[in-house]
Amino acid sequence: MVTTLLEKEIGEQTIQSTVPLQMEHILNVHDLEIFYGEKRAVNGISMDIEKNAVTALIGPSGCGKSTFLRSINRMNDLIPGARAQGEIMYEDLNILSEQINVVALRKEIGMVFQKPNPFPKSIYGNITHALKFSGIKKKSQLDEIVEESLQKAALWDEVKDRLHKSALSLSGGQQQRLCIARTIAMKPTVMLLDEPSSALDPISNAKVEDLIVELKKDYSIIIVTHNMQQASRISDKTAFFLSGDLVEYDATEKIFTNPSVKKTEEYISGRFG
Amino acid sequence: MQICIYPIMTYFRGVWCIMEKIIPAKERLTKSSKNRMDGELRGKILVILCAVIMISATISITIFLGTKGLQSFIKNGVSLIEFLTSTHWNPTNQASPEYGALPFIFGSFAVTFLAALIAAPLGIGAAIFMTEIAPSWGRKILQPVVELLVGIPSVVYGFIGLTVLVPFVRAHVGGLGFSLLSGMIVLSVMILPTITSIATDAMGTLPKNLREGSYALGATRWQTIRKVLIPAALPGLLTAVVLGMARAFGEALAVQMVIGNVRNLPSSILDASATLTTIITLNMGHTTYGSVENNTLWSMGLILLVMSFAFILLIRYLSSRRKL
Amino acid sequence: MKSKTADRIATGVFVAIAIIIVSILVGLFSYILVNGFKYISWDFLTTPSSNIRAGGGIRDQLFNSFYILLLTMIIAVPLGVGGGIYMAEYAKPGKLTDTIRSCIEVLASLPSIVIGMFGLLVFVNVTGWGYTILGGALALTVFNLPVIVRVSEDSIRTVPRDLKEASLALGITHWHTIKTVLLPSAFPSILTGIILAAGRVFGEAAALLFTAGLSTPRLDYANWNPFSEQSPLNIFRPAETLAVHIWSVNTQGLIPDVEAVSNGSAAVLVISVLLFNLLARWIGSIITKKITATK
Numbered sequence: 001m002v003t004t005l006l007e008k009e010i011g012e013q014t015i016q017s018t019v020p021l022q023m024e025h026i027l028n029v030h031d032l033e034i035f036y037g038e039k040r041a042v043n044g045i046s047m048d049i050e051k052n053a054v055t056a057l058i059g060p061s062g063c064g065k066s067t068f069l070r071s072i073n074r075m076n077d078l079i080p081g082a083r084a085q086g087e088i089m090y091e092d093l094n095i096l097s098e099q100i101n102v103v104a105l106r107k108e109i110g111m112v113f114q115k116p117n118p119f120p121k122s123i124y125g126n127i128t129h130a131l132k133f134s135g136i137k138k139k140s141q142l143d144e145i146v147e148e149s150l151q152k153a154a155l156w157d158e159v160k161d162r163l164h165k166s167a168l169s170l171s172g173g174q175q176q177r178l179c180i181a182r183t184i185a186m187k188p189t190v191m192l193l194d195e196p197s198s199a200l201d202p203i204s205n206a207k208v209e210d211l212i213v214e215l216k217k218d219y220s221i222i223i224v225t226h227n228m229q230q231a232s233r234i235s236d237k238t239a240f241f242l243s244g245d246l247v248e249y250d251a252t253e254k255i256f257t258n259p260s261v262k263k264t265e266e267y268i269s270g271r272f273g
Numbered sequence: 001m002q003i004c005i006y007p008i009m010t011y012f013r014g015v016w017c018i019m020e021k022i023i024p025a026k027e028r029l030t031k032s033s034k035n036r037m038d039g040e041l042r043g044k045i046l047v048i049l050c051a052v053i054m055i056s057a058t059i060s061i062t063i064f065l066g067t068k069g070l071q072s073f074i075k076n077g078v079s080l081i082e083f084l085t086s087t088h089w090n091p092t093n094q095a096s097p098e099y100g101a102l103p104f105i106f107g108s109f110a111v112t113f114l115a116a117l118i119a120a121p122l123g124i125g126a127a128i129f130m131t132e133i134a135p136s137w138g139r140k141i142l143q144p145v146v147e148l149l150v151g152i153p154s155v156v157y158g159f160i161g162l163t164v165l166v167p168f169v170r171a172h173v174g175g176l177g178f179s180l181l182s183g184m185i186v187l188s189v190m191i192l193p194t195i196t197s198i199a200t201d202a203m204g205t206l207p208k209n210l211r212e213g214s215y216a217l218g219a220t221r222w223q224t225i226r227k228v229l230i231p232a233a234l235p236g237l238l239t240a241v242v243l244g245m246a247r248a249f250g251e252a253l254a255v256q257m258v259i260g261n262v263r264n265l266p267s268s269i270l271d272a273s274a275t276l277t278t279i280i281t282l283n284m285g286h287t288t289y290g291s292v293e294n295n296t297l298w299s300m301g302l303i304l305l306v307m308s309f310a311f312i313l314l315i316r317y318l319s320s321r322r323k324l
Numbered sequence: 001m002k003s004k005t006a007d008r009i010a011t012g013v014f015v016a017i018a019i020i021i022v023s024i025l026v027g028l029f030s031y032i033l034v035n036g037f038k039y040i041s042w043d044f045l046t047t048p049s050s051n052i053r054a055g056g057g058i059r060d061q062l063f064n065s066f067y068i069l070l071l072t073m074i075i076a077v078p079l080g081v082g083g084g085i086y087m088a089e090y091a092k093p094g095k096l097t098d099t100i101r102s103c104i105e106v107l108a109s110l111p112s113i114v115i116g117m118f119g120l121l122v123f124v125n126v127t128g129w130g131y132t133i134l135g136g137a138l139a140l141t142v143f144n145l146p147v148i149v150r151v152s153e154d155s156i157r158t159v160p161r162d163l164k165e166a167s168l169a170l171g172i173t174h175w176h177t178i179k180t181v182l183l184p185s186a187f188p189s190i191l192t193g194i195i196l197a198a199g200r201v202f203g204e205a206a207a208l209l210f211t212a213g214l215s216t217p218r219l220d221y222a223n224w225n226p227f228s229e230q231s232p233l234n235i236f237r238p239a240e241t242l243a244v245h246i247w248s249v250n251t252q253g254l255i256p257d258v259e260a261v262s263n264g265s266a267a268v269l270v271i272s273v274l275l276f277n278l279l280a281r282w283i284g285s286i287i288t289k290k291i292t293a294t295k
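Quick note, the sequences are listed as chains A, B and C, same order.
For the record, in the first sequence the residue sitting at position 10 is 10 according to the working numbering, with numbers rising by one throughout.
For the record, in the second sequence the residue sitting at position 151 is 151 according to the working numbering, with numbers rising by one throughout.
For the record, in the third sequence the residue sitting at position 147 is 147 according to the working numbering, with numbers rising by one throughout.
This is chain A alone, in the form it adopts within the complex (with noise of 0.2 Å):
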């Protein structure tokens, strides 16, 4: 889609350069309400996500957070009875509006999600999955993207002699990676990472959690974790879910430290959930 689009517009007209406009925030989310069937799962938050920050989402289970995490690129379309009211507004537009073209919103929004999912296919042909479908065919170009997001994922060096084989004989926190490679090949803008390394061994899981810090250079990064060391040591900003409401956002350092709410405070100290 990308190539394409690109071409077309060169053949049009000109293209116009203008500085980059410093966003502040990628996401504004205004009174999100989120059903399923007659269930509420999702209070009316309201909360704007930073760019190029990693957000993490803490709470425990069924707090609504990776309803939340699902709803941004639309993933909660798949359950039948799931619905959302409110608003999230990416550039402009509200992500749940019905005219939105949820397959190339989730091309912009990516997701990791809890288990690696690699596809049955080898590494090489699991990057280039979604990008063939995208219109990019040229070996060359394959090749390129390949090489530039496995080294994104701090995977190439691990993978490089071996990108035919299969990616189910990658261990866990490789497949993991690979699954970011993937979502990074696609050039998104916003990541969304339903708990990526809850199912991973612990040195797999420091790896994956300096890749997230890294990442967001490029990427404006939203993590559900159930891990409070992991919500503290990689996030900039955080946010408290409990029973569907946000109870309390704001910086890491801030909710870890000083938290302004009692049950944020009793969470965080792990007395309960």
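Don't read these hints as lab results, they were simulated from the structure.
Even glycine gets a Cβ: it sits at the ideal position worked out from N, Cα and C.
Heads up, some of the hints might be wrong.
Label pairs and their in silico Cβ distance ranges [said to hold, decoys possible]: (1) G128(C) / S96(B): 48 to 58 Å; (2) T288(B) / P256(C): 30 to 40 Å; (3) P78(C) / R271(A): 39 to 49 Å; (4) P167(B) / Y221(C): 31 to 41 Å.
Taking lysine to any residue pairs in the SDA-like style, the calculated list, with each CA pair at most 25 Å apart, reads [as the list claims (entries may be wrong)]: (5) K121(A) / I283(C); (6) K4(C) / G213(B); (7) K132(A) / E165(C); (8) K138(A) / G125(A); (9) K140(B) / R8(C).
Fit chains B and C to the supplied structure of chain A, relying on the hints for placement.
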């Protein structure tokens, strides 16, 4: 319209470069924009078409066979009452043809129930053997056996019935050999795998704690099976039997080869008989298309169709009970 | 200890039932194979059948069986897999889906003789084709379709949800996800199901009696023009299949060597179906191994 910056990679004159490119979000992300949704639509239409074909096949089968099957009553004036209740089938009698299909209807039901009578205990017994008595090795042996039995074509069952069973019945039981008895034995072997596999599923899906609860009370295995498991699985087991009966009711060639095909009501299990399917099989090719006799064959086909609907309704009723 | 005795008797009965079923199968197979093998020869498989004389073979019937099977599969597989995809991926819970499900159920439970009658009505009389291979293949498609739809639906449903989400989250359309992720993953079990269904089609006779007919014109295997009367490839010619042949020689045949011909044919039929079974298992396990090989 707000304009925003979107980094785009492009392959330009042999080098990769990142360009700042302006495409408004509205153009990139709304449905009106040109993107690859057309393939999506094409695919969706394609599979919907497949679904439509299935619906229309079912509807046209019902309509075609329905109208054709009613012709003998509407166009040829055959009495429906006579057709269903008279035992005299003599369509070739020029002076006063008779169209009583009761012997065949009776034959179909008789052979179906008799086959179920043999196959149900065997099939359910085999299911219990696989799930309760020897879940590991028993299943490993019986499962493929059942699958292979399903695979044997019905003409082969008929042929073996004709060459082995019929002479055996004639020599050791009595009668001509071509009989209800032979039909019922052949059919019971044919529906045995159906009953076994569905009954096995029914037994297998029972919650574990049923068994454990019963054993914990000191019940023996047989007591557990009889008093706890069979009652709990009953709707599923009945579904298995009904499905087997549906198959038996519609089976044509195997039965036709062993049952004798006479037009009289059988008076004993050793008498030759006929069923709806066997009469259709035998006479469809020999009668002129559109003649009264031919049309009555289509009416028998309609009975088969109606019965298969009835079996489906019965199964639906049973499975709704299973959910309770 | 009365209940103990009852328990022991019951166990004995269940074991006996299992033994009975196994011996039925062993008996059937050994009868078919032992009796059939002595008649199977290269000659038997390659000479045309005879209507009156002894010594006929099953060349044309064998060819017809495979040809009808092939045609049936060419029609039924795309339709069935498409229907399966619809049911697994697009059908929303509601009246329409319930209706389609009922239709599949009805089609699946129709006796094959009834499908044959429908074929006679539509593909033979309404179209005016007479007894044709195509009519037979279409009737068998009706007979086979629900099986393939179910197999495809079930196989697609068992593909892990993760994979589908992964693909969609990368901005790939639903249809492309189905084509490149779901179908390849479901392929082994769909293929296994299709081969098993093929075995069923191969042995089916009742649906073919009134659609493909009980006779085969004299065929010239050197004639590859599908529009020629004598070409084996002509889809508008009547064709008696192997299964139909067994039935017809036994019930209305005049040949003196009925026993030999039908024993041989039955053995060929059963061996073919057996091969279909083995092939299905073998291919299924090979592909599964290939996919998870490097694990």
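For each hint, the structure was consulted:
1. G128(C) / S96(B): 48 to 58 Å: violated, 35 Å
2. T288(B) / P256(C): 30 to 40 Å: holds, 31 Å
3. P78(C) / R271(A): 39 to 49 Å: With a Cβ separation near 60 Å, P78(C) and R271(A) fall outside 39 to 49 Å, so the hint is violated.
4. P167(B) / Y221(C): 31 to 41 Å: Given a distance of about 39 Å, which is inside 31 to 41 Å, the answer is holds.
5. K121(A) / I283(C): Status holds; Cα separation ~19 Å.
6. K4(C) / G213(B): holds, 18 Å
7. K132(A) / E165(C): Status holds; Cα separation ~18 Å.
8. K138(A) / G125(A): holds, 14 Å
9. K140(B) / R8(C): Distance ~23 Å between K140(B) and R8(C) Cα, so the pair holds.
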